[in-house]
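Work the whole structure out from these sequences, hints included.
Using my numbering, you'd call the opening residue of the sequence shown number 1 and step up by one each time.
In silico SDA-like pairs for lysine to any residue, Cα to Cα no more than 20 Å straight-line:
1) Lys135 x Thr91
2) Lys154 x Ala52
3) Lys147 x Arg73
4) Lys135 x Thr164
5) Lys60 x Arg152
6) Lys135 x Gln65
7) Lys135 x Arg145
8) Lys75 x Glu157
9) Lys147 x Gln165
10) Lys90 x Gln65
11) Lys147 x Asp66
12) Lys60 x Arg145
13) Lys154 x Leu43
14) Lys147 x Tyr85
15) Lys90 x Tyr138
16) Lys90 x Val62
17) Lys60 x Arg159
18) Lys135 x Glu97
19) Lys60 x Gly87
20) Lys154 x Phe80
21) Lys75 x Asp132
These are computed hints drawn from the structure, not numbers from a lab.
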Amino acid sequence: MENISTGLKWVIGIIVTILIIAAGVSIYLVINNYFTRAQEQTLAQTQIINQAEFNSYDNKDVSGQDVINAAMRYKGRPQFAIKIYTGENKTEGFYTENTYGAKYAIPSPSGAIDLTSKGTGEEGVSISDMMDIEKDKYNINTLGRFKSEIYRDKNEEVRLIVFTQS
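Written out as structure tokens, the structure is:
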């Protein structure tokens, strides 16, 4: 009789253990879906916030001072370039100085920026050269009006801003 009682205790213990493990696994599976969804939403919101800083340059008219500020602000940003066309430099344009030497060619209207496609021209122009009135080719009139356009890569990351003086 005592063996049957001991056997029943073992069987009941094993069944309770299996039920606890099954409950834990089912709770994990339910919670894991919530964590995955929360992580995806957080990443999407982070990308929206990161890209919101470029809204002021998305097909907008800006001043020459805004162009200089953008050149200073994004100078140290990797995989990013700014190209400027001034009244004196309408055809070639020039790239602003970038710590990483990034220069991207303007893509065709139907495509995204190809990160392997490099823009042409000399090394990036420094902020001081852009503000030097004796360097007509690179001088940016702070009161001038520029049309700005942003270009994105295939991952929807902004890689290039083009300013064209109106």
